[in-house]
Structure formats: C-alpha cells, structure tokens
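Q: Sequence:
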Amino acid sequence: MIRCALKTLGATLALGAMLAVPLVAAGASFAPSKAKVYVAGRQVTFEHLAIAYNDPVAPANDSGVREMLELVQASITWQPGTRFAVITRADGALITLTVGSAALSIGGTPAAMPFAPFYRDDDLYVPLIPLAKALQLGVRGFAGGYVFVPQVLTITPHSDGRRTVVAMTTSAPAAYRASYDSHAGVLRVIFPGFGTDAQGTQHTSGEAASINVSENGPPGFPTTTVAIAVRHGVKFAAHRASGAPEIDAVLAASEMALHLDDGTHAVGHVTPTNASTPPVATATPSARTLATGAPLQPPTPASKTPAPTQAPVTPAPTRPPVTPAPATTVPEPAPGTATPGMVVQPESTDNGATTPSPAPQQIRITAINLAEIPGGGTRLTLTMSGGPVSFEWHRLDDPDNRFWLDIKGVTLAGPSQTLTSALPFVRDIHVSQFALDPEPVVRITISPTQPIDVNIGPVAQSTDQMGVEIEAQPPASDAPKAGVGTVAWVNNATPPPTRTPTQRDLVVIDPGHGGNDPGAANSSYGLVESRLTLQIATRLRSDLQRLGWRVVMTRDGDYEVGDPNGDDAQELQARCDVANAAGARVFVSVHINSSVAHGLNGTTTYYWRPADRTFAQAVQNALVAADGIADDGVKRNNFYVIKHTDMPAVLVETAFLSNSSDAAQLTRPAFLDRLAQGIANGIMEFTGGPQAPL
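When the letters of the sequence shown are read in order and numbered with the numbering used here, they come out as residues 294 to 987.
Simulated from the structure, these hints should not be mistaken for lab results.
Hints may be right or wrong, so weigh each one.
Unchecked claim - Okay, the calculated beta carbon distance ranges per label pair:
1. ASP757 <-> ARG929: 49 to 55 Å
2. HIS687 <-> GLN366: 34 to 40 Å
3. HIS687 <-> SER835: 38 to 44 Å
4. PRO962 <-> PRO325: 49 to 55 Å
5. TRP697 <-> GLY454: 47 to 53 Å
To be verified - Straight-line distance between alpha carbons at most 25 Å, and here's what the computed BS3-like set of lysine-lysine pairs gives:
6. LYS774 <-> LYS701
7. LYS936 <-> LYS327
8. LYS426 <-> LYS327
Beta carbons are placed, not taken as given, at the ideal position from N, Cα and C, and that holds for glycine.
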C-alpha cells in the first residue's frame, strides 16, 4: 500500500514538471518504426524507434540510444521531466539538446536542427540524425533504415626537424591496422568501418613525401586508408594519443625520435617487410564434433598464426552419449584476491601490421572435468569465468609424445592438479599455474603412453567451457608441431531476421577469413585459404557484374572485416552487417574445406534456415556441373554468417585443401574460373536474375 502511494505521488510530480515543457506538435506525424539502424558497423536495436517530421527519433532513455552512444564512446545525462539532455562526446565535447529549441549546442557553438526535441507521454524524444552529425558520424540512408558511420576527421602532418608526426583524428576511438609496402615505400594506416570527407593527396616536407587519403568499401561499412609515402631510410611507429580519439604515425631517421613525450601511448613499431613475402600460417589442431553431443566449435583466430574459424572440418559421426566422469570443481577464491594484470604492448610480427593490444581480462578457471567419450577418447573440460582466451600449444614427436597447452591471461582458482584417466593411452594430465608475471599463464601438460591427436575449441551449447579432446590415434603425418589460437563463445540467441531484401539487384560475396586469420593451408602446394577465397570471390564478382548484378564484397584485400582486436563473433557479425545494411538479395560466403582425413574431397554447400535449402541446392548443382569434382552434397549447419544474415544465405566449401587432387586443381586459374562461374550460375538459377530495387 505504501509503495503504491509513493509511486502515484512520483507520477503526479513528474506530470507537473512536464506540463511546462513542449510536447510533439498537434497534428504532427508520429509513427512507430521498424527501420534498421547501424552504428559503427553494428546493428542497434531500439525499444521505441519512431518517425516524426519524416526523421527517426527515439527516447533519450531508450537502450538503443545508449548503445548508439556507447559504440562511439559517448554518454548521455538526462533526468525525466527536465528540459535538457547532455551528451559527452568521445573527445570530451558537450552536446546539449533543449526541449523546444531547434538548435543544439556543441561545445557552446549552436547548430541548427530540422525540429526540436519533444516530450511524448513521459519520454523525451531526440532526433537521431542531428545527434549523429553532432557526434561527427557520417549519415548514410538506405531503403530499410539508416547507417551512422564513424569518421576519420583530419590528417595533419607536423615536422620539427627531428621527426614528422602525422596526426589522424577520428570521431570515435579507432581499431586500426598498419602495414608497410617496401617496394612502393608506402606506410598505410587503415581504419575499417570508418569513412572520411578528407579524401585527396597532400605533399609534405620532412620524413613524409606525401599523404593520400581514400575511402572504399560498402557505404554501411567503409574503409578509410591513409597512405604515407616514406622517404628512404626513415623508421616509423604508430602511437595512440592519450585522452583523445587520435592515432599518430611517427616518422624519424633515429629510432629514439619515434617515442613521443606528450602522454601518447605507443602501440608498437610497424616493421618494414617485403610486401610480396606471404605470411606463414600455422594451423591449430583440427576441430571436430565431440561424440557426446556437445561439439567443439572451431577456435577463434589469434593475432599471430591462427587456425580456420568460420567453417570447421567435416564432423565425426555422433555416437550415443556416455555417462561423464564426476567433475572436479575448483573452489572460488575470496573476493579481492584476484591478481591484477598488466597491459603488454608487443611489437607487431604479422607482416608489418600493427594493432593496439587490449588489456587482458582477469579470467579464472573455476572447474576442471575429465570425462571419457565414445570411441576410446577422453575430454578435459575447463570452465572459465570469462573470455575469450588465447592459447599456444606444441607437441613432441614419438616416442615422447607429450603435449603442452599454455592458456594466456588466465589464473587457476585453486591449487595445481594432476588428473589420471582410466584409459591406458594417457598417463596423466597436469594443470598448473605456469606463470603470473608479466602475464598469467595456465599450462596443461598431457603425458601419453603413445602418439595422440588433440583437438581444442569451445564446447557447443556452452557459454563458458573450453574443451581439450584427446584421441588414441597419431596425428596426421604433416600435422604441425605447434600453433596458436583463441577460444570465444558465441551467443546463439538472435531475433528472427527480417527477410525482405530491398536491393534486388545486389549480391554480397564474403571471401572467408583474411587478415590475422589465414584459414586453412596446404604448404606442399603453397596454398592459403584466405588468398584462394579472395581470388574466387573476385572472379565471381566479375561474372555477376557481366550478368547485370551490382556486387559488394565484405573484403577486397587481406584484412579483417571488423575490429582486428574483436572476438570471433564480432568479426563474423561485421560480415553479416555489410550484407544486412546493404539490403542484399542473396549472400554467399566462399571457403575452402580441410580435414585430417586426406581422402575427403569435393564440393559442399551449407545452409541454415530451411527456406534457404533451395538456394543451397541450386548453387551446389551448378558448382558440381562446373568444377567437375566430387559432389559432397548440401548440408545444414549453423555457421554464423548464414545464420545472422537477413537474406537467403549459403556457405560454399568449394574443395578440400587437404586433398592432394583438389589442391592440385586449386593451383590452376582455369579451375578457379569454373568455381566462380558455377556459383554465379547457381545464383542465377535461384533468383532468376537481377531485378529493380524496391
């Protein structure tokens, strides 16, 4: 009774306060909207998005407004019933919106808006497009909604005789990469997901001869490239400015002059390399389906030599489940006993690419479980307090056969343990805190009695478990002796997609992998999956354009589509966002398969939604007819990129890199031409050809 009385009194006071502020004008158009809104490459869901005065609006306390601001590291302050809402921008500038005023203030300077913020019921509605512009975001509309794109705002060189600093300011903190082309003498700083109005070339003095700024890629997720022509003998490094969204490229003849003394934060040197030298790809252990029905998902790519992540190898047959062994649960430590971590800023080793390193999370292993699995193997399951986690592994040859797995940035929530298995091929498994400083590392040492094969990855249907599956069989003869990877957990909860493409003459092609994730490799033939998928996708684009289609590719070079520091889900969602923001008719993800079973070969097309099976079958039929290799069939799998796109979507495994016959074919340009033509024929068969946009 008392609680109800207080609530009624509060409502009365709020109503009294609002009577003094303007409401939406009588007769003005106001209607709820289902338009899609993308900010910084991510789709943002609003609770009460609406259209007023023909522009999108949303309440100041809407979760979508908060997420929109958080994506560009801004924040809002507003009290219900008041006339003002204040937004703090990433650079510290204050944006003030005032009820009844068709002008907002940016750092004290007024800027006009088409209409004023207004109250409706108890909510203060703010116009999103003027807000986005005040946040210095590019505004790009499409038939189904709106795209707000962070911007590279200014590129300003300064020379003082010792060095040249190229200051690149952005409207939001940027995840970027840098690489150096030693043949052309050009340092490129690349901002995925950022647009720019500063395109053009400026000639400079000092250590930089010229600076060229360009933008390319789809409008919803463009890429801005700052290409700096470096004079001979000049060294360079990248720095993130402290307290402001700014990246500084520093060029100097002396390495000592590369270090700035004004509070900037060095993120590592960009090492000049021969641009024609390919990076070396080292695969992690293969990811297979666990026989207990909880499959190991493929691990997320690490920042160095990653394993394939988007499409796992052919799964093993599912067998009846067995009763797992009891779990050994490690007790949680008392509050406040976690060891503080420290930020490590390594120098780049990935073909000259430099990206800022995020602070490692304090993650603990809270439970350890060793259980037998059907087929004579065993699985070690580690329950984590967070993620993602990165790891390194290496093995010794027969007769020693020991296997080490180092999990980085992780601590044990209890003492070291030595686990014994009832299976004769595993002597013991030792789990210990191998290091605490400068970075915590948990080491798992597997001591077998014979050669073993090990698979590492997240456990499916789990949001916090990492699995290490040990099998009583030797690894493949050409299996690597060491590797790295990352385990991340993907939340499969997703709202049902809106499947109404607005651009019926547009196809989005997704060349699998790229950048820090090269995918599968066959060293005998010199083949790397990320390069092959791009070659096939480029051919497919040309074929489709000749047929009258417009084509957008999620990448047209060797780079990540999303944030290079993001996890697996973020990277894959960025690919989906390109297609969803564009309103594409269909989506095709191109991959090359691989397996430890070298006899497997042929073409496979995957789909997820039952309605997409017809599309998958059309592509599969046309591919098999064109490429002349084995028909591995149409299969259903919940690969991320075909599950989170809004239009008909398929993932094509064109051939097997691990099969010598398929690999030999993949070295032939004519075979790649046939693969592209087959996919194009399948798209035409399914769609009937391009149609006018809605």
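Q: Against this structure, judge whether each hint is valid.
A: The hints, checked one at a time:
no. : hint                          : result
1   : ASP757 <-> ARG929: 49 to 55 Å : violated, 26 Å
2   : HIS687 <-> GLN366: 34 to 40 Å : holds, 39 Å
3   : HIS687 <-> SER835: 38 to 44 Å : holds, 43 Å
4   : PRO962 <-> PRO325: 49 to 55 Å : holds, 53 Å
5   : TRP697 <-> GLY454: 47 to 53 Å : holds, 51 Å
6   : LYS774 <-> LYS701             : holds, 19 Å
7   : LYS936 <-> LYS327             : holds, 21 Å
8   : LYS426 <-> LYS327             : holds, 22 Å
This entry does not satisfy hint 1, going by the numbered hints stated previously; all others are met.
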